[in-house]
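Chemist: Now for the letters of each chain:
4 protein chains.
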Amino acid sequence: MLKIGVIGYGYWGPNLVRNFQEVEGAQVTYVCDLDPVRLQKAKARYPSVTTTRDVQEVFKSPDVDAVCIATAVSTHFDLAMQALKAGKHVLAEKPLADSSEKCDRLIDEADRRGRVLMVDHTFPYTPPVQKIKELVETGALGRIYYYDSTRINLGLFQRDMNVIWDLAVHDLSILDYIFREKPVAVSATGMTHFAGQPANVAYLTLFYSGSLIAHINVSWLAPVKVRLTLVSGSEKMVVYDDTNVSEKLKVYDKGITVCPSPENVYQMRVSYRAGDMYAPQIGTTEALQNLARHFIDCVEKGGEPITGAAAGRRVVRIMEVATQSLENKGQLLDIA
Amino acid sequence: MLKIGVIGYGYWGPNLVRNFQEVEGAQVTYVCDLDPVRLQKAKARYPSVTTTRDVQEVFKSPDVDAVCIATAVSTHFDLAMQALKAGKHVLAEKPLADSSEKCDRLIDEADRRGRVLMVDHTFPYTPPVQKIKELVETGALGRIYYYDSTRINLGLFQRDMNVIWDLAVHDLSILDYIFREKPVAVSATGMTHFAGQPANVAYLTLFYSGSLIAHINVSWLAPVKVRLTLVSGSEKMVVYDDTNVSEKLKVYDKGITVCPSPENVYQMRVSYRAGDMYAPQIGTTEALQNLARHFIDCVEKGGEPITGAAAGRRVVRIMEVATQSLENKGQLLDIA
Amino acid sequence: MLKIGVIGYGYWGPNLVRNFQEVEGAQVTYVCDLDPVRLQKAKARYPSVTTTRDVQEVFKSPDVDAVCIATAVSTHFDLAMQALKAGKHVLAEKPLADSSEKCDRLIDEADRRGRVLMVDHTFPYTPPVQKIKELVETGALGRIYYYDSTRINLGLFQRDMNVIWDLAVHDLSILDYIFREKPVAVSATGMTHFAGQPANVAYLTLFYSGSLIAHINVSWLAPVKVRLTLVSGSEKMVVYDDTNVSEKLKVYDKGITVCPSPENVYQMRVSYRAGDMYAPQIGTTEALQNLARHFIDCVEKGGEPITGAAAGRRVVRIMEVATQSLENKGQLLDIA
Amino acid sequence: MLKIGVIGYGYWGPNLVRNFQEVEGAQVTYVCDLDPVRLQKAKARYPSVTTTRDVQEVFKSPDVDAVCIATAVSTHFDLAMQALKAGKHVLAEKPLADSSEKCDRLIDEADRRGRVLMVDHTFPYTPPVQKIKELVETGALGRIYYYDSTRINLGLFQRDMNVIWDLAVHDLSILDYIFREKPVAVSATGMTHFAGQPANVAYLTLFYSGSLIAHINVSWLAPVKVRLTLVSGSEKMVVYDDTNVSEKLKVYDKGITVCPSPENVYQMRVSYRAGDMYAPQIGTTEALQNLARHFIDCVEKGGEPITGAAAGRRVVRIMEVATQSLENKGQLLDIA
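Chains as they are written, first to last, in the working numbering: chain A, 1089 to 1424; chain B, 1089 to 1424; chain C, 1089 to 1424; chain D, 1089 to 1424.
Bear in mind the hints are in silico, worked out from the structure with no lab data behind them.
Hints may contain errors.
Where chains are identical, the list cannot tell them apart; a pair therefore holds if satisfied intra-copy or between any two copies.
Claimed, not checked - Cross-link-like lysine to aspartate or glutamate pairs, in silico, EDC-like; alpha carbons within 20 Å at most:
| # | residue 1 | residue 2 |
| --- | --- | --- |
| 1 | K1221 | E1197 |
| 2 | K1313 | D1329 |
| 3 | K1131 | E1408 |
| 4 | K1091 | E1112 |
| 5 | K1221 | E1269 |
| 6 | K1313 | E1335 |
| 7 | K1219 | D1364 |
| 8 | K1221 | E1145 |
| 9 | K1091 | E1110 |
| 10 | K1129 | E1110 |
| 11 | K1313 | D1330 |
| 12 | K1313 | D1341 |
| 13 | K1131 | E1110 |
| 14 | K1313 | E1323 |
| 15 | K1417 | D1364 |
| 16 | K1219 | D1341 |
| 17 | K1313 | D1248 |
| 18 | K1313 | E1110 |
| 19 | K1129 | E1112 |
| 20 | K1131 | E1189 |
| 21 | K1389 | E1408 |
| 22 | K1173 | E1189 |
| 23 | K1190 | E1110 |
| 24 | K1148 | E1112 |
| 25 | K1129 | E1189 |
| 26 | K1417 | E1189 |
Assemble the whole structure, with the sequences as input and the hints as a guide.
Modeler: See the structure below:
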């Protein structure tokens, strides 16, 4: 039975508490937050949990094996570092930290202490994204041409990070999960429409070593919620619409073939293939259930998490380079 | 009665012939194409029209006041120049020419001869785009934040131009029409997935002098057809879905207000406004009817066309700079 | 503080408990169910609640002012009657009882005892249905032509009632709420596809005294979930799509006018009006919150509930007549 | 080369002319209409066609082998009868005639003369309906439970027939085509909202000898256009949405199984199966092309048309009985 302390009981913390309470093999023992009202809510709902405003109490308690961190991004590093030093396993909400250098230091500490350090990239634990990975890895899609994602809505403006860190992080974690290949360079543009605020719209293009390309469009300033991701391959193409309740994933047996043809400038050398579409039956397990189970497994059996600190670091690195590119209006920057 | 000669009877030419036949005040007298089969089709459908494979016949005929050019882009300049020199008014299919320098020379020639030179940017003649312009100009949208357009499908690969010249041209002509302000710089990325072919996916970011930003996502390699354009303003936001038959335009009375607030890094200073949505009744006149009527008006009354050569030149200039930026992976380039 | 005992903790009971716990002015004191596992769940989530398998304990407890009944339909009458006789106020899940005669007896008992007897018709407490009622009552829709609802999905087959009692009950409660006029006759058809089971598809037509007509299509055997309701009037028409997350209600400024015209059998005398559509901003309060608040109000201030026993009785009466009509393949039957 | 005379050049006639002109093996020689303006249009578009206001000219001409009738329904019988008596083959627009008795007389005449008498039920010639028939006949859908169709819009009010004859005719022709079994009884309801006009909304339930049931909902008074047809079977279920441009047909691998179980009134004996959905690639041939080809084939090779006079008669018979049932508010009437 893994004993869990959750730090931060704002937007995401209650989801973590609920899922670790419900999953087999874990038990939430502590909930920590600076706000007494939130602690009261936690206590009312989970009377057996100890609540506290003092994080040190969590770190010191022998009743805590692992710590979940669901606080503001700028505090992730400090809290995770203290937790690791106290010998706890750590699950940090995404992003892992606010710089890749801090991620490196966390990775070192976790390695030195032999503790699990995992980041809550939620999407790799959702059934649709797992299905996409399967379609990519089995070769069903053929050679992958591009990944293109639009993730926009009228959203909560974050004060301490731009829209890349809030929304593009999801696509970057999906890309990191579904493709073995990692991007080598990024060009990003964007804009802030409110003086002194971080960018609220952003457009990222990720270049890979071959002809694979990824594009991500994120915005806090759209009147409608769009969650539309395309993965286009030489054999099949996937449309993943996360706002569609019943058919999130559609696989199109469509494609084009470019054939050598006599050199006639007006003559088409491209032929089109249009076949059936199918929407595979997708499981409905809550992603956080899968993630909680996986975290427990990693702690108990010692494997490398699917969304371990290395993945967390790669995603943070891209976001920090993309932010720099955005500030330079699309300047191409190497990621490595 | 304006007598019209149409050059090119492939994909777009038949639409021009049909519309100039149906509109009051014009009459198609000549159809010219290199392909005898196409000419036969034109003759069968319009027995009174003279068909010919020889463009000179069209230029020399006293039965032709104006020439419509619907041929491959690389031939626009030569044909338009000859037509102008022969004293004809010219309506060229988009884009006006394949370089801004050629556009300049056409503009000079048209000015010298006092002839109308218009480009068939079709979208400014569609009722939804006219409505958007009205919403922008009356201030109904408030301060404009951004324009964001996705225009993708499994499309005909063009041999002689990249996807920007084929698809983004539509958005650029819409932008030129709805905003008085013109973009000052562009950053574009993209990729070709077939050796030796022009780029088949492209992403453009256009910067204006203020905080207005425009983004255009075009692809010939998407399994589904998407035609989704957002225009987001401080007062209202527009979603224009051109694939929606009955409700192409939706106007959302939504927005955000960023207020000064005590400096607490975690405290929201942004408030959201969510009101009604309405879909204005949009006329269903075919765009080419409006365009044909406008062309006749300009010839007869001598005004500057809405989509005149200057607009055509501005759009071509952006595409030529964007193509260069794309080749340099997002490098920011000035448009002027 | 109204003290509530909830009987039945299966599908709907937990929603009642949660909402009465959260609403101001009430407190759930008892949860009763025959199944110990369910009681355990209730206890774990609400440690302060007393759980019991014995309904008599609830009826006898001075710690219970009002009883919510969320058990199988066939048990509603007995439980409600006992509760009333014990001096409790009663909120019964829909339908109120399984016959109109039993409804009558409950109404008598509630009247005699001066107790509130309310039925949980949930839809009249939802913001979209409240908006429709407003559009009807203010005359915005003009003269109402018809109500047409499709409510189908791959659903849980009920053992003890046909699909009318499970699904059409929602439309009947909406109709009872939004129109002052009540239907006078019904013709229903339907089918059972599984021997010995109640009808799993049904089609109801309700006739009113004028030209208003209502039609309801319900099914447990459809591959897709459809919740589509039209209310068509002479001035405006409403489309209520309950599966649409963001725009449940659309109001169309459309209509037709039938004009007197010279008697020419092929000449149209009808003219069409097509105007804007708008989707009013709809509140997002949970219906059960509104309902819980209203129940408390009725108990405390003594008013007649919006969905009181009389409404519950009218809905049950229609269903019992419709079931008879269905068995007679569409035979028209008077409701009164 | 089959020589065709087309009578009626209003709404549907031009489609017939165009398709018989384009299909191989036929040629339109005559177009007849009472309205000179329409004849002028026909002549302008098809200069080689003879136009006339006198039907007798068509019937007497040796240049006419077959006659297409696209006039008002009330005139179908007279025109078809005269054409048959003049030895012409006949293709009549749907419905074949305005009573089954008239259909009988036409069938007799066609038999006696050995002429083809076909009705233009268009839907059986569309690729989606042909695919549904294939799914039914190969057993892919399993045992068929029901057919349910909604066909509503803000439509042209017909003066000389109710909405059943205008819209339900399509579903009845589809049913006649896809199922071998024919309905035995009908119950219909509906309403006219404009004094002296035929019913503008109607709801039909068709009973078959087994547990198959069909339901059709038609209206001229709906603000939105809906064309949604469900065919539900024990193995698979089809949703046919004719307003969906790219995915008209979706086949759901869903179903339910009702198992014998111990008699516990609250225990579910039904299990659900939820599998993939697929949207088969559907051809895009225009239905009238297929129909025109089939008519030519039947004339030349002498086979029974898919939508022959017998089918036409069966559909008319149902509509005449349904109209009577509607007037009697749902009274069940035998079709035979």
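Chemist: For each hint given before, does the structure comply? Return the numbers of the non-compliant ones in rising order.
Modeler: 1, 3, 8, 15, 17, 18, 20, 21, 23, 24, 25 and 26
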